[in-house]
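Q: Next come the chains, spelled out residue by residue.
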Amino acid sequence: MNVSLENVSSFELFFKRNYHISCLVALRYVKNTEVAEDIVQETFMYLWQKRAELKINKNLKSYLLNAVKNRSINYLQRERQFDELLEGGSLVDLREEPLDSFSDDELAVQIALSIEVLPSQCRKIFLLAYQDNLTYSEIATSLNLSKNTIKTQMGIAYKILRGQLKNYVLNLLYIFRKLN
Amino acid sequence: MDQNRWETWVSLLHGEESESEDNSRLSEESEKELKVGHRLYNSRERVAQVRRLKPVESAWDELEKNLSTRQPWWNEILKYAAIFVIAFLTAAGAFWTFQSATIENESWASISAPNGQISNVTLFDGTNVWLNAGSTLTYKQSFNKNNREVVLEGEAFFAVTKNEGTPFIVHAGTSEIQVHGTEFNVKAYSNDSKIATVLVEGEVEFRTGQQSLMMAPGEQVLFTRNTGKVEKSKINIEEHIAWKGGKIYFNDETLFTLAQQLERWYEVKFAFANEELKSYRFTGVINKERSLAYTLEIIQKIRKVKFEFNKEQILVKDE
Numbered sequence: 001m002n003v004s005l006e007n008v009s010s011f012e013l014f015f016k017r018n019y020h021i022s023c024l025v026a027l028r029y030v031k032n033t034e035v036a037e038d039i040v041q042e043t044f045m046y047l048w049q050k051r052a053e054l055k056i057n058k059n060l061k062s063y064l065l066n067a068v069k070n071r072s073i074n075y076l077q078r079e080r081q082f083d084e085l086l087e088g089g090s091l092v093d094l095r096e097e098p099l100d101s102f103s104d105d106e107l108a109v110q111i112a113l114s115i116e117v118l119p120s121q122c123r124k125i126f127l128l129a130y131q132d133n134l135t136y137s138e139i140a141t142s143l144n145l146s147k148n149t150i151k152t153q154m155g156i157a158y159k160i161l162r163g164q165l166k167n168y169v170l171n172l173l174y175i176f177r178k179l180n
Numbered sequence: 001m002d003q004n005r006w007e008t009w010v011s012l013l014h015g016e017e018s019e020s021e022d023n024s025r026l027s028e029e030s031e032k033e034l035k036v037g038h039r040l041y042n043s044r045e046r047v048a049q050v051r052r053l054k055p056v057e058s059a060w061d062e063l064e065k066n067l068s069t070r071q072p073w074w075n076e077i078l079k080y081a082a083i084f085v086i087a088f089l090t091a092a093g094a095f096w097t098f099q100s101a102t103i104e105n106e107s108w109a110s111i112s113a114p115n116g117q118i119s120n121v122t123l124f125d126g127t128n129v130w131l132n133a134g135s136t137l138t139y140k141q142s143f144n145k146n147n148r149e150v151v152l153e154g155e156a157f158f159a160v161t162k163n164e165g166t167p168f169i170v171h172a173g174t175s176e177i178q179v180h181g182t183e184f185n186v187k188a189y190s191n192d193s194k195i196a197t198v199l200v201e202g203e204v205e206f207r208t209g210q211q212s213l214m215m216a217p218g219e220q221v222l223f224t225r226n227t228g229k230v231e232k233s234k235i236n237i238e239e240h241i242a243w244k245g246g247k248i249y250f251n252d253e254t255l256f257t258l259a260q261q262l263e264r265w266y267e268v269k270f271a272f273a274n275e276e277l278k279s280y281r282f283t284g285v286i287n288k289e290r291s292l293a294y295t296l297e298i299i300q301k302i303r304k305v306k307f308e309f310n311k312e313q314i315l316v317k318d319e
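Those protein sequence lines, which keep their order, are chains W and C.
In terms of this note's numbering, the first sequence opens at residue 1 and continues consecutively.
In terms of this note's numbering, the second sequence opens at residue 1 and continues consecutively.
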């Protein structure tokens, strides 16, 4: 999947495929969602302006994600938020990361996409438990349903998502190796 | 797994039920089947982050506006963008320290390879630098804009990207080495009495005070810090750059020099029972892959010395 950035439409495709994962990488360093999104916009802008000079002999996606990472670290340094660079006492790691170190971010993006295919009632229940950390009882009360229904719907949600992600998770390692 | 057991498992995952005799073996039963479910559950935080982001379509609309108009806001950001360093380490478990300080209104940054680590870094101009253990490379934030100057403390091997317009200059002690595009090694630890520059490829100019010296591949320039003496000699290149691969050649070197190298590589301290021991001479190769104990044993075999392990240091004694 060696994308070239020659024209707007291939660049658009590259952007749309990688926007969310790029934001997740930025959010490892900066806490604010808007700042992370700005950093990602800047990075894509940079890639676009430099597209002619970029001699990338490796995977473009890996280059992008590492560029987002570096830019995020630079942002923190500019803002003098050095304390944010110190995570649990260890200094931030400036080494270039291989693509598969971003596989958790990639998976999260896939999950977010898969959640959208759940039936609406099922999705509502699932998100209340999964994202908002409500207990089954709390969900049952707020939606005026029985706790047993919640349990059943949660089972369905997990089953559908597992079906969606199964091949993806199993292939993840293989895909990343291939891309690298 | 049937529907009931599956639902029970999801409940367990979400802390709705606690483990009981009845369901305690659930996870062992179908580990493979549950793997995806576990990863799904463990991704909660990241998924929530994705869901807070704006939709891809509107993010693209924003970017597209800038693609067409090429607004100058971008230049502003570029101005503030700090030096872009892609660093990766060859030594497993190694880490970088990144510091910045402001000297004379110019911001400096430095990269260090801590004791015990050999590291590799690519500078913004594409120059590849290998840093030996206990070495630090300092450069201006404006590196690659109007200068390509670095300050070395320790030992490094440089593969400099060709750029006729902007020379690459390594400052080491009171001397400096200027090149345009070449490969060379500089050894300038502050506790070494001499700075050694070895040229592998291309051409470099070695400068100190009033003196200037052109070097050819396979030549070494030794600069003595105290006296300012400069000597040029032919050497075996491989012996001088083998440290990159975790090997050090000792060609009739003193035990003191050897101990200094071992201190940097293995993060230990040596003490000598008497001064005479320091001047014992050695010829041989040390491999970083080997343990310190192994290396010391070899040394003991070559020369009649004894190493005694104390709490804080290794005492070198006569046998």
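If you're looking for bench data, these hints aren't it; they were derived computationally from the structure.
All values reported here derive from a predicted model rather than from experimental measurement.
We treat Cβ as the ideally placed atom computed from N, Cα and C, and that holds for glycine.
Among the clues, some could well be false.
[Unchecked claim] Per label pair, the in silico range of CB-to-CB distance: (1) C:Gly15 <-> W:Leu143: 16 to 22 Å; (2) C:Asn128 <-> W:Lys50: 18 to 24 Å; (3) W:Lys159 <-> C:Asn163: 40 to 46 Å.
[Said to hold, decoys possible] The calculated SDA-like cross-link candidates involving lysine to any residue, where the alpha carbons are at most 20 Å apart (straight line), are: (4) W:Lys16 <-> C:Arg52; (5) W:Lys31 <-> W:Leu47; (6) C:Lys35 <-> W:Leu60; (7) W:Lys124 <-> C:Gly37; (8) W:Lys159 <-> C:Ile299; (9) W:Lys50 <-> C:Leu63; (10) W:Lys16 <-> C:Leu63; (11) W:Lys159 <-> C:Lys194; (12) C:Lys247 <-> C:Ile299.
Q: So which hints don't hold here, by number, going up?
A: Of the numbered hints given earlier, those the structure breaks are 3, 5, 6, 8 and 11, listed in rising order.
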